[in-house]
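Peer 1: Quick note, the sequences are listed as chains A and B, same order.
Going letter by letter, the first sequence gives residues 10 to 389 in my numbering.
Going letter by letter, the second sequence gives residues 838 to 1161 in my numbering.
The reader is advised that the hints may include incorrect statements.
[What the hints assert, rightly or not] To give an idea of the interface, some chain A residues facing chain B are shown, with a C-beta separation under 7 Å as derived from the structure:
1) 132
2) 147
3) 150
4) 193
5) 224
6) 225
7) 350
8) 356
9) 371
[Unchecked claim] So these bits of chain A aren't anywhere near chain B, every CB distance computed over 10 Å:
10) 31
11) 35
12) 76
13) 223
14) 290
15) 327
16) 337
17) 352
No wet-lab data here; the hints were simulated from the structure.
From the three backbone atoms N, C-alpha and C, an ideal C-beta is built for every residue, glycine too.
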Amino acid sequence: MSVSMPDTYVADDPAGAFPLVQLLTPEGQRVSHDEFSYDGDDDSIRDLFRDLVLSRRIDFEANALQRHGELGLWAPAQGQEAAQIGSGRALRPQDFAFPTYREHGVALCRGVDPALLLGLFRGVELGGWDPAEHGFALYSIVIGAQTLHATGYAMGLNLDGAVGTGDSERDAAVIAYFGDGATSQGSVNEAFDWAAVFNAPVVFFCQNNQYAISASTDRQTRGPIAQRAGGFGFRGIRVDGNDVLACHAVTTAAMQRARDGEGPMLIEAYTYRMGAHTTSDDPTRYRDSAEVETWKLKDPIERVKRYLLVQGTPQEFFDDLDAEAEELGRHLRETCKALPEPDLAELFDEVFVEGTPELAEQKADYLAFRDSLEPEGSAS
Amino acid sequence: MTKMPLGKGLNAGLRAAMEADDKVMIMGEDVGKLGGVFRITDGLQKDFGESRVIDAPLSESGILGTAIGLTMRGYRPVLEIQFDGFVYPAYDQIVSQVAKLHFRSRGAVTMPIVIRIPFGGGIGAVEHHSESPEAQFALTAGLKVVSCSNANDAYWMIQQAIASDDPIVFMEPKRRYWDQGEVDLESAPAPLHASRVLREGTDATLIAYGPMVKTCLESADAAAEEGNSIEVIDLRTLSPLDLDPVFESVRRTGHAIVVHEAAQTLGLGAEISARITEKCFFSLEAPVLRVTGYDLPYPPSRAEEEFLPGLDRVLEAVDRSLAY
Ligand SMILES: Cc1ncc(C[n+]2csc(CCOP(=O)(O)OP(=O)(O)O)c2C)c(N)n1
């Protein structure tokens, strides 16, 4: 008894229908594309570089905090910074993003204090920020669920007439983040269908980092992920997910289409997760170091640095940025330990808007029990 | 007798079941190369091949739905749901399809499916990784639900569940995976759907399953120091319930306390209390008490110690019961 599997993985797209959109090569050369371009100047590229560096720093500190026992878990995003910053910086204040649990770079772009991201992983929070304040939903741990939320939010934009008015302050769109593994979930396929049927202004942004924990992309799909969109009636594009300029350009175009009322789009950012799935994962069990080394050469930060150096960016810029990253690191370390501990008694009041008699009784029981315990440290 | 952790007991039990019957197959997320996130299926793909230990796409509805078809083709799928909080995408297939097909077909179709769910809290995990959904399956007619509490039961109960022609939701107490225990590889313990008295006592009866069994045994130890003799019963099977040993015990002790991590309202404790009250009314010296999780969504892990029933809460309930 054996199950035969095709040995070539068509997601690599031999037919070439989904070539990678690339605007900056791993060597740091700008290249042109016949449809997409990055229109910012070198100052704006320095801004993107700054975000890339800071988001990697968040990761670095959070990993260290986890190792020191300050966080129960962390989901590293190293390697995916360009996909996150490129897309995150393509959003306008009135847009709304629906992340997974790994969108730390997008959170940075949305103005969420990175220290607040630690609450969930430290175990003191289940969220940590107000989604409406930042246009950034709470992290979603259940794979794929947020793609439907994003679609519903986008339908709401349609209903509110906040799409296609031509008013750039008003027109808004939604971006939904998810991984390659998520494309196997029914909910994600339902989101694609609903978005198309209702012409919802939502951009589906798949970071294909090649793995869903241990399962490589060919265990999720046998066709290019970008191709999925076609079957649902909208367009899919594959972009070099390690190229911040390309991610920015493609997302900017897709979001603008959506804001203009032209409906959903799928972007597959082809990238790689350099680290473990989470801090409790052991990637050596399922991938070899040669593969990791190959992807290291495509590092999303190095290529921008090479470009900026050739453009004559003064050393002072890099030094200032190092100091800023250092400061961010210090902020994360200090704020993490100062995040308030959850008080179970308060949580009884947060289950519902209008509490219930049962919860009130259980809270009273809990408090009575808590009070009955000897205070800590008291000798008996 | 050999000593091994509960998780290893499951692994050895799965291996034995696969050796005994080549229709037994394993399917789940990351169960192959990785051996599952808890390593419960460690080494099985290496030894039984990729056709019998299948790394599933990331789709719980798919895992359950395709397993139904596989059983109709004669296979006996053992499915791993990675964490309790991720079973809900598969919930529709489980309660609407798996649970009903035997009944609907008047017995013509059988569903020998085992759905393994690492459940419960206490490991400091992020949200959706610490839930106790057992009652939602136990209240579904057509499903059987069991939970092991020690390595020996882990080894044998998983084999018994796989051998059963009925669909079984197999709840694994994830925080006990690393607990060592003696495993008797020669002789099986009680049948799958039987509860067991783990510790004898005369003053009160503690009734638990899965992760709370250890908590109750420790509570009984502590109570003994205060001169109270506590009987501890491991339910092992949650649907069907095997309550005769419970009734027998409560008739002797007159005091019953049900302990589980799941929320109180409509939890298993409610059903068990009702049945004890019906059967042992004249022997009861106190109302049947429950020590459970509160009716909250699972809290952030830094509050879980207060949320989960622990030694102190169990002992307080024992005292309260004995004070009647
Ligand atoms: C419904 C559900 N099933 C299983 C899991 C456990 N899990 C967490 S992350 C993950 C892999 C996700 O892979 P992918 O969608 O590619 O995203 P990535 O983490 O690679 O960004 C799995 C299986 C989950 N969180 N939710």
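Peer 1: Take the hints in turn and mark each one as holding or not.
Peer 2: Structure-based check of each hint:
no.: 1; hint: 132; verdict: holds, 3 Å
no.: 2; hint: 147; verdict: violated, 10 Å
no.: 3; hint: 150; verdict: holds, 5 Å
no.: 4; hint: 193; verdict: holds, 4 Å
no.: 5; hint: 224; verdict: holds, 5 Å
no.: 6; hint: 225; verdict: violated, 9 Å
no.: 7; hint: 350; verdict: holds, 6 Å
no.: 8; hint: 356; verdict: holds, 5 Å
no.: 9; hint: 371; verdict: holds, 5 Å
no.: 10; hint: 31; verdict: holds, 28 Å
no.: 11; hint: 35; verdict: holds, 29 Å
no.: 12; hint: 76; verdict: holds, 15 Å
no.: 13; hint: 223; verdict: violated, 4 Å
no.: 14; hint: 290; verdict: violated, 8 Å
no.: 15; hint: 327; verdict: holds, 35 Å
no.: 16; hint: 337; verdict: holds, 23 Å
no.: 17; hint: 352; verdict: violated, 7 Å
Against the hints set out earlier in the document, violations occur for numbers 2, 6, 13, 14 and 17.
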